[in-house]
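Student: Sequence:
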Amino acid sequence: MTENPGLARQMWHQLEPLHALFWYSPEVFAEAGRLGFAVDTRWPSYFAWRAAPLGAAGKERVSAAFYSFSPRMVAEHIPAAWTVAPPERVLEGRTRAVDGMYRTLLGDGLADPDLAEAAALARAAAEAASTAGCPIAAANADLPWPDEPHLVLWHAIGILREQRGDGHVAALLTHGLDPAEALVSFAAIGAASEKTFASRGWTDEEWSAARDRLASRGLLDAGGAATEKGRELRDAVERTTDDLAYEPWRTLGADKADRLAQLTMPILVKVLETGLMPAENTLGIGKVQAPPR
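So the mapping is simple: this note's numbering equals the position in the sequence shown, first residue as 1, plus 2.
Rather than coming from a laboratory, the hints here were simulated on the basis of the structure. Worth double-checking, as some hints may not be accurate.
Said to hold, decoys possible - Straight-line Cα separation of at most 16 Å, EDC-like style, residue types lysine to aspartate or glutamate; simulated pairs: (1) 197 to 208; (2) 272 to 78; (3) 272 to 18; (4) 258 to 110; (5) 61 to 78; (6) 272 to 116; (7) 258 to 78; (8) 231 to 245; (9) 258 to 119; (10) 197 to 249; (11) 258 to 5; (12) 272 to 110.
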């Protein structure tokens, strides 16, 4: 097939919301509460749900893997999460939560042959994803595959999105952006507002210091907006991210990827119709497109 690393970004934009609904679903919060986590905000269970495949990891390992979160914020939740519920119980609860979320979302659609076909295609892509150097993706890929199509679909998308995320961290490191600088530079190109990025736990002083470091490198102007050099750097980060996330889609092939997009479009519409997804997100979905090559 014709090489098209941009396909990785197109499929990510298509599939990410199907997975990300998990972080906002009432069914997921209910399961978190049953496990014993505080549910007044999403963060106590967020760190548990996402870090559980790593085992009872400590704050240093989770901070390294999650990258853009303030280590201080991570330390508020890890390793305390494992005293609420150990990773194996969290993973069991995660499966129940996904099941409840998709049963509410899809209803009788769980028996739709299109869902089974979408799950099979997504699994094929996920199994083609290299997890070398990708700690979160590898930990998820090491988990047993569920049986039901809706659970397979969510698990497959999870491996793919974490493999992309791990690659994004590699891209940020390659291009010299530390965790705080990664967020400040992303805000500077309009990916999301600084208020949205505040959810990652950095103080105003830490944000300003990161802005000053980027400005000293000629990446931001006096008002904190990205300079041409800053935009070029962020474009390079996004191109590297797409390149590192391309192998699953190259292996699957453009036709099957297009078929997966068609099959999941009705689910995407249902996800957006829930009204649970935030209008703005820290990933830049819907705002940051593939840079020209």
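Student: Against this structure, judge whether each hint is valid.
Tutor: Comparing the hints with the structure gives:
{"no.": "1", "hint": "197 to 208", "verdict": "14 Å, holds"}
{"no.": "2", "hint": "272 to 78", "verdict": "34 Å, violated"}
{"no.": "3", "hint": "272 to 18", "verdict": "14 Å, holds"}
{"no.": "4", "hint": "258 to 110", "verdict": "25 Å, violated"}
{"no.": "5", "hint": "61 to 78", "verdict": "9 Å, holds"}
{"no.": "6", "hint": "272 to 116", "verdict": "15 Å, holds"}
{"no.": "7", "hint": "258 to 78", "verdict": "43 Å, violated"}
{"no.": "8", "hint": "231 to 245", "verdict": "21 Å, violated"}
{"no.": "9", "hint": "258 to 119", "verdict": "10 Å, holds"}
{"no.": "10", "hint": "197 to 249", "verdict": "34 Å, violated"}
{"no.": "11", "hint": "258 to 5", "verdict": "15 Å, holds"}
{"no.": "12", "hint": "272 to 110", "verdict": "13 Å, holds"}
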